[in-house]
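For the sequence shown, position 45 matches number 45 in my numbering, and the numbering has no gaps at all.
Watch out, some of these pointers could steer you wrong.
Think about it this way: if two alpha-carbon atoms lie no more than 20 angstroms apart in a straight line, the pair counts; the simulated DMTMM-like pairs of lysine to aspartate or glutamate are [claimed, not checked]: (1) Lys102 <-> Glu92; (2) Lys40 <-> Asp121; (3) Lys33 <-> Glu77; (4) Lys33 <-> Glu85; (5) Lys102 <-> Asp56.
Label-pair distances were calculated between CB atoms; the ranges are [to be verified]: (6) Ile79 <-> Asn14: 32 to 42 angstroms; (7) Met108 <-> Thr66: 14 to 24 angstroms; (8) His60 <-> Thr36: 17 to 27 angstroms; (9) Thr104 <-> Asp7: 34 to 44 angstroms; (10) Val20 <-> Ala82: 27 to 37 angstroms.
It is worth saying that the hints were derived from the structure and are not from the lab. Since the model is a prediction, treat every value here as computed from it, not as a measurement. For glycine and all other residues, C-beta sits at the position ideal for the given N, C-alpha and C.
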Amino acid sequence: FIGIDVDIAFRFYNNKLTQVYLMMFFDQPNHIKVFTTLRKRFQLVLIKNIAGQILDIVNHSKTQTTDQLRSSIGTFEQIALASGEITYSFLETKTIQPLLAKSTNIQMLIQKSPRGLREVDYNIFTNDDGDSFGHISFSAPKAMMLKLKKEASEQSEDF
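Just need the whole structure built from these sequences, with the hints factored in.
Have a look at this one:
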């Protein structure tokens, strides 16, 4: 993958591929390669830390200047990386670009998106030994959400 040695894993749900995972050792050159490659076709929309706190970039881009947004991202990254884990979420640019003006946050953006919306999550974490790793997952979140909703509505319980 883009000149980086990776291990690959697959996730299946009802015998259908739902996610592809790439795992690698993390270092600054790999981080730059991953970010540069992802930004060619995907847009950063969310950052999350290990405590579950999020920086909704869609929302913040509506209320902050570009410089303020960059500062917010930098501050959030520093705190998250110091805690040992950060996840960057990207959505396919060509799919979301026409929807961004009408979306006030990430949830609204995903709801307005078509079923085929593609997402990439890039997670960086440090293990107990102090080694850092990168983990990239590819998925179709809208398609999976709709599938789960359909299955839930089809289930009924007899009491």
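Handout entry: Numbers of the earlier hints that this structure fails to satisfy, in rising order
Key = none
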